[in-house]
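K.L.:
Listed here are the chains, written in short residue letters.
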Amino acid sequence: MQLTIHEAQQLLRNKKLSSLELTKACLERIRQVEPKVHALVTVTDELALSQAQKADRLIAKGDAHPLGGIPVVIKDNMCTKGVRTTCSSRMLENFVPPYEATVVEKLNSCGAIILGKANMDEFAMGSSTEHSAFFTTHNPWELSRVPGGSSGGSAVAVAAGETIYALGSDTGGSIRQPAGFCSVTGLKPTYGRVSRYGLVAFASSLDQIGPLTKDVTDCAIVLNAIAGYDSRDSTSAPYPIPDYTQCLTTDIKGLRIGVPKEYFVAGMQAEVEEALRAAINKLKELGAKVEFGVSLPHTPHALAVYYIIAPSEASANLARYDGVKYGFSYQETDNMWEALEKTRQFGFGDEVKRRIMLGTYALSAGYYDAYYLKAQKVRTLIRREFDQAFEKYDALVTPTSPSVPFKIGEKIDDPLQMYLSDVFTIPVNIAGLPAITIPAGFGDGLPIGMQLIGKPFGEETILRVAYAYEQATEWHKKKPKI
Amino acid sequence: MKLSREEVQHIALLARLGVTETELERLREQLSNILENFQILQQVDTSDVPPTTQSVALQSVVRDDEVAPSLPPDDVLANAPQREGEFFRVKAVLE
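From first to last, the protein sequence lines stand for chains C and G.
For the first sequence, this note's numbering assigns the number 1 to the initial residue and increments by one for each residue that follows.
For the second sequence, this note's numbering assigns the number 1001 to the initial residue and increments by one for each residue that follows.
These are computed hints drawn from the structure, not numbers from a lab.
Glycine residues also receive a C-beta, built at the ideal position from the N, C-alpha and C atoms.
Treat the hints with caution; some may be incorrect.
DSSO-like mimics (lysine-lysine), calculated; alpha carbons at most 27 Å apart, straight line [unchecked claim]:
(1) Lys36(C) - Lys325(C)
(2) Lys54(C) - Lys15(C)
(3) Lys1091(G) - Lys411(C)
(4) Lys36(C) - Lys477(C)
(5) Lys1002(G) - Lys377(C)
(6) Lys325(C) - Lys1091(G)
(7) Lys479(C) - Lys392(C)
(8) Lys479(C) - Lys36(C)
(9) Lys411(C) - Lys36(C)
Just some of the chain G residues that point at chain C, by a computed CB distance under 8 Å [said to hold, decoys possible]:
(10) Glu1006
(11) Gln1009
(12) Ala1012
(13) Asn1037
(14) Leu1041
(15) Thr1052
(16) Thr1053
(17) Val1067
(18) Leu1071
(19) Val1076
(20) Asn1079
(21) Phe1087
(22) Ala1092
With these hints in hand, go ahead and build the complete structure from the sequences.
P.N.:
Here you go:
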């Protein structure tokens, strides 16, 4: 089912297709390809079919929202009332939320059809979905390769045509890296643009929800639906939301685009560099004023900053999993402390434990100043560098990842190597900026993504550049043969 | 930057995370290696730099304290591993 949102919308409005037919087609596609890709933790057939019937009645009356009647897949770290929300963890394997996340509530009020919940790295910690406690998701472009992570299930569900679009979350690249690895479009909005209420917390100062779609137009349509202030998220930004579809023009003449030199370094795969250089030339041809030699000198420090701040926040956020209120609970003892320690020992997987330990260490007495506080100070320097760059440029362009999708198993035993696959996406979260990844080519048949970074709350500019590039190229139309 | 067994044990205790002997040794190696790589930050001069805790500078976010319905107790307790009436049941804290 390779329709985009805007194509499906047309067919629904012109009565060439009903939401029920569309939903059944997606569910059929899921049955077909799921045994190969393993993108979904839960499929909500019955819910989807009943939502589709309701949507068809609204469409018949002519008052459907642009997302009305259109199927979506939600990453399994966003609370869905009455539908289990596992974070791909044993800890939450049977957790059924008593409330909806704000984004889910918003999609429901648009009449969206929820097909199911997408696999991910446990608690969104990982870059390949190999850290899911249940199963690894496979890249539809080559099944022996990872789809990226942590929103790997969401990216694959879109790429393999199981859904029309998906929601993911991005703490250090978890929307953009899998989008790049699966040749779909993925947007991480500015921190505070989309409410985090009901998103299971990983690193609260970095987490942000965003869309994974088949093209840039769809990305704008979904952002319209999910963005906005929410009194239930104290970090939600109280700024007005534009109509993001209005900025989609192919005219980018005179826009100033910077290419930061620290993002073209040794160790990057030759195919990726080649594809990016060609994409940058395309932006020039389209009339953008592209300048090389922009410098963001603290870029090499971003990885360390991230892997101190994110685990520190995670160690505090994950303290709530104590086996008392919900989730896995070790019962084979009467001792409170033993129950607590065993609950966490058996409920969490290796990567989650590693990050809890790392964060606890960085926050502990005697190390706080050297690690956590130091990282927060370097975070300030990274933000300032971006601020300075955006005085001269409207957008920055970089590769999304230094390589094409790697093999399943290749980096699983070396956490540091795994962390390095996020090296180009992490600085964006540290500075709270918006960034979009779009398909920009292939190396040996494997997807390569281009990342466009914007000013805070400057989603319109990066959507516009992404749209102009997309309309001038054919990459987004290529689909995996599966 | 090599962590000792005792240090790793101490962190696990602070995090209330049960770890096996094998896990302890593996964590000791992996964490040491990761922390070693983070030494790169010590080269950065941050003498007059304030820390960033959050990237969007919002100050004193408060909302009106309005009365609104809470979730019904049965909904909240539905996921409880052990419940007793309208309460979460916990292990004895004081023996």
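K.L.:
If a hint holds in the structure, say so; if it does not, say that too.
P.N.:
Hints, verified against the model:
1. Lys36(C) - Lys325(C): 36 Å, violated
2. Lys54(C) - Lys15(C): Distance ~15 Å between Lys54(C) and Lys15(C) Cα, so the pair holds.
3. Lys1091(G) - Lys411(C): 41 Å, violated
4. Lys36(C) - Lys477(C): Distance ~22 Å between Lys36(C) and Lys477(C) Cα, so the pair holds.
5. Lys1002(G) - Lys377(C): 25 Å, holds
6. Lys325(C) - Lys1091(G): 13 Å, holds
7. Lys479(C) - Lys392(C): 37 Å, violated
8. Lys479(C) - Lys36(C): Holds, because 16 Å separates the two Cα atoms, which is no more than 27 Å.
9. Lys411(C) - Lys36(C): Roughly 21 Å separates the two Cα atoms, so the pair holds.
10. Glu1006: It is violated, given that the least Cβ distance between Glu1006(G) and chain C is near 13 Å, above 8 Å.
11. Gln1009: 11 Å, violated
12. Ala1012: 7 Å, holds
13. Asn1037: Holds, because the Cβ-Cβ distance from Asn1037(G) to chain C comes to roughly 6 Å (cut-off 8 Å).
14. Leu1041: Hint on Leu1041(G): holds, closest Cβ of chain C at ~5 Å, below 8 Å.
15. Thr1052: It holds, given that the least Cβ distance between Thr1052(G) and chain C is near 4 Å, below 8 Å.
16. Thr1053: Holds: closest Cβ of chain C sits about 6 Å from Thr1053(G), inside 8 Å.
17. Val1067: With Cβ-Cβ at 14 Å, over 8 Å, it is violated.
18. Leu1071: Given a least distance of 5 Å, the restraint on Leu1071(G) holds.
19. Val1076: Since chain C brings a Cβ to about 6 Å from Val1076(G), closer than 8 Å, the hint holds.
20. Asn1079: Holds. Min distance 4 Å.
21. Phe1087: Check failed: Cβ of Phe1087(G) comes no nearer than 11 Å to chain C, outside 8 Å.
22. Ala1092: Holds, about 7 Å.
Hints 1, 3, 7, 10, 11, 17, 21 from the list above are not met by this structure, while the remaining hints are.
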